[in-house]
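Peer 1: Mapping to full-length UniProt numbering: the sequence shown position 231 is 231, numbers consecutive.
No lab work stands behind these hints, which were simulated from the structure alone. These numbers were taken from a predicted model, which means no experiment stands behind them. Check before you lean on any hint, since a few could be wrong.
Using 16 Å as the maximum straight-line C-alpha spacing, the simulated EDC-like pairs for lysine to aspartate or glutamate come out as follows [said to hold, decoys possible]: (1) K138 to D225; (2) K65 to E89; (3) K83 to D123; (4) K75 to D198.
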Amino acid sequence: MAMEYLGGVILLSVDSPYDQSMAFGASGSVRYISAEFPNTSIAVDFPADIADNGLEYLPNHRYVKYGTTYYSIIKTFVTSYVKAYYDSEDAIQNDSELQTWAARATVVWGVNDFPSAFNGYDDLIKLVTNLVFQNAVKHHFMNGRGVEVDPFDYVISSDVFLALSGMAARFFRPIPTANSVLSAYSAAPFSDEAVLADAIAQFQQSMANMEDTVDTTEAGETYPDTLVKPSLLPWYI
């Protein structure tokens, strides 16, 4: 909820840097997003996304290469997390709060193909993994850095150049380690749960390994893209 509020204030409000410098502007972007909601599906997770777009034939595509590792790390953590609290599939089926969430989510406009009930580990883990991946990883991949360009080639008017530069800086500013996914789940309430200690430790170690992987791989690229490093993926809890 906090991110939705900040998104509305910082990005999609009148006269924001985004509104001044992007072609659609704030109101146009809101209309575009609203029009796209019917085309979205909660059932399309990372593997389905790759298959639907034929990206399995481009194994060196950064979204495929790094996304596959991120998805595996997240799914492993979510699996440990779910099984820490549900010792059987019957426990999942009998959790009235969880099942109510599923039932009510199906009637929310714009939330398409949400399961009406959770039958066991597989469908619950798939859904939660997809939600975490979309919010923590996929969103960042959509803000790719690309090659270096002279912004004046695009004839940006001088009165919005500073605003556009400021927006770009937001994506490349250093993030304190405590606020990146390298330290995810380190704070309460997660850190207070003894049953999550091993899962959190494994998740953080996997993210540290991912940091090294991106650094090593991108060091040999003509146009390195380090925006997808764990240290640049913000974490808010």
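Peer 1: Which numbered hints are broken by the structure, listed smallest first?
Peer 2: 2
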